[in-house]
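K.L.:
One letter stands for each residue in the lines below.
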Amino acid sequence: DAKTTQPPSMDCAEGRAANLPCNHSTISGNEYVYWYRQIHSQGPQYIIHGLKNNETNEMASLIITEDRKSSTLILPHATLRDTAVYYCIVKRWGWNGNKLVFGAGTILRVKS
Amino acid sequence: GAGVSQSPSNKVTEKGKDVELRCDPISGHTALYWYRQSLGQGLEFLIYFQGNSAPDKSGLPSDRFSAERTGGSVSTLTIQRTQQEDSAVYLCASSLEGGTSGSRYEQYFGPGTRLTVT
Numbered sequence: 001d002a003k004t005t006q007p008p009s010m011d012c013a014e015g016r017a018a019n020l021p022c023n024h025s026t027i028s029g030n031e032y033v034y035w036y037r038q039i040h041s042q043g044p045q046y047i048i049h050g051l052k053n054n055e056t057n058e059m060a061s062l063i064i065t066e067d068r069k070s071s072t073l074i075l076p077h078a079t080l081r082d083t084a085v086y087y088c089i090v091k092r093w094g095w096n097g098n099k100l101v102f103g104a105g106t107i108l109r110v111k112s
Numbered sequence: 001g002a003g004v005s006q007s008p009s010n011k012v013t014e015k016g017k018d019v020e021l022r023c024d025p026i027s028g029h030t031a032l033y034w035y036r037q038s039l040g041q042g043l044e045f046l047i048y049f050q051g052n053s054a055p056d057k058s059g060l061p062s063d064r065f066s067a068e069r070t071g072g073s074v075s076t077l078t079i080q081r082t083q084q085e086d087s088a089v090y091l092c093a094s095s096l097e098g099g100t101s102g103s104r105y106e107q108y109f110g111p112g113t114r115l116t117v118t
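Chains A and B, in that order, are what the protein sequence lines are. Numbered as in this note's numbering, the first sequence ends at 112 without a single skipped number. Numbered as in this note's numbering, the second sequence ends at 118 without a single skipped number.
Treat the hints with caution; some may be incorrect.
Unchecked claim - In silico EDC-like links for lysine to aspartate or glutamate, alpha-carbon gap of 20 Å or less:
1) Lys52(A) to Asp1(A)
2) Lys57(B) to Glu68(B)
3) Lys69(A) to Asp1(A)
4) Lys52(A) to Glu106(B)
5) Lys57(B) to Asp1(A)
6) Lys3(A) to Glu66(A)
7) Lys69(A) to Glu55(A)
8) Lys3(A) to Glu44(B)
9) Lys3(A) to Glu106(B)
What the hints assert, rightly or not - The following label-pair restraints were derived from C-beta to C-beta distances:
10) Pro8(B) to Arg81(A): 25 to 31 Å
11) Asn30(A) to Glu85(B): 33 to 39 Å
12) Gly16(B) to Asn57(A): 45 to 51 Å
13) Val12(B) to Ser28(A): 41 to 47 Å
14) Ile63(A) to Ser38(B): 40 to 46 Å
Read the hints as simulated data drawn from the structure, not as lab findings. Quick caveat, the model's predicted, so the values are computed rather than measured. Heads up, the beta-carbon is just placed ideally off N, CA and C, and yes, glycines get one too.
So that you can see chain A by itself, here it is in the shape it has in the complex (with noise of 0.2 Å):
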């Protein structure tokens, strides 16, 4: 699986937009982009994911740059609730397992 490069911290202004990068420039064609974060003393939620296209759901949209090398995270409306740990993983399923490897990921702190 491709190794993905997050910067360690984000600060974000509540009810402002919170724009998480994520580099993966060794990404291949069958590995999708996956965002997972994790609340304080909390597991790891799933955020959203994507291979090729943009994708929005109820919680995010995920802008995935036409050579796919990097991705960028958006919460639209930030709110302290979504202060966490953010992670950016590339994944081929099938592929060296199934298992998610977490890197470091970005600390996103949304101040009021």
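Following the hints, complete the assembly by docking chain B onto the known chain A.
P.N.:
Chain B in isolation, oriented as in the chain A frame:
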């Protein structure tokens, strides 16, 4: 619907004792995973079940760790002769389908069991 549940939520045990941690996955999810997170550390994969078999045990740190899954549902992670370095939060996750089908189902995590070895 009901999510992944784990029990106990907290467990304090003495060094050298055995412990069992339980995971109830989401109904119908064929894949089940165990991870652990030590204080200040990242999430570390332990073992993966597809149905009742475990095709990937590569993350189990020693032979003191074992896990089983019965009926394609409940899983138990057992740690024998616990050591202080086993202290961590043990997380269970399930997904609708794993395997090599190319499916891409997301994993849903439980709240974890916090294990403290004194």
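K.L.:
Within 20 Å, alpha carbon to alpha carbon, are Lys69(A) and Glu55(A)?
P.N.:
Since the Cα atoms of Lys69(A) and Glu55(A) sit roughly 16 Å apart, the hinted pair holds (cutoff 20 Å).
K.L.:
Given the hinted pair Lys52(A) and Asp1(A), is their Cα-Cα distance within 20 Å?
P.N.:
holds (16 Å)
K.L.:
That 40 to 46 Å hint for Ile63(A) and Ser38(B) (C-beta), does it hold up?
P.N.:
violated (33 Å)
K.L.:
Could you check the hint for me, namely that Asn30(A) and Glu85(B) are 33 to 39 Å apart, CB to CB?
P.N.:
Given a distance of about 37 Å, which is inside 33 to 39 Å, the answer is holds.
K.L.:
Decide if the proposed pair is consistent with the structure: Lys3(A) and Glu44(B), CA atoms, cutoff 20 Å inclusive.
P.N.:
holds (16 Å)
K.L.:
Has the hinted range 41 to 47 Å been met by the Cβ atoms of Val12(B) and Ser28(A)?
P.N.:
Since Val12(B) and Ser28(A) have Cβ atoms about 45 Å apart, the given range 41 to 47 Å holds.
K.L.:
Is it true that the CA of Lys57(B) sits at most 20 Å from the CA of Asp1(A)?
P.N.:
Holds: Lys57(B) and Asp1(A) sit about 18 Å apart, inside 20 Å.
K.L.:
Quick check: does the Cβ-Cβ distance between Pro8(B) and Arg81(A) fall within 25 to 31 Å?
P.N.:
26 Å Cβ-Cβ, so the 25 to 31 Å window holds.
K.L.:
Is the hinted pair Lys3(A) and Glu66(A) satisfied, with a Cα-Cα distance of at most 20 Å?
P.N.:
holds (18 Å)
K.L.:
Hey, Lys57(B) versus Glu68(B), does the alpha-carbon distance stay inside 20 Å?
P.N.:
holds (11 Å)
K.L.:
Taken at face value, is the distance from the CA of Glu106(B) to the CA of Lys3(A) at most 20 Å?
P.N.:
holds (19 Å)
K.L.:
Kindly confirm whether 45 to 51 Å is satisfied by the beta carbon distance between Gly16(B) and Asn57(A).
P.N.:
holds (47 Å)
Figure legend: structure checked against the earlier numbered hints; the only hint not met is number 14.
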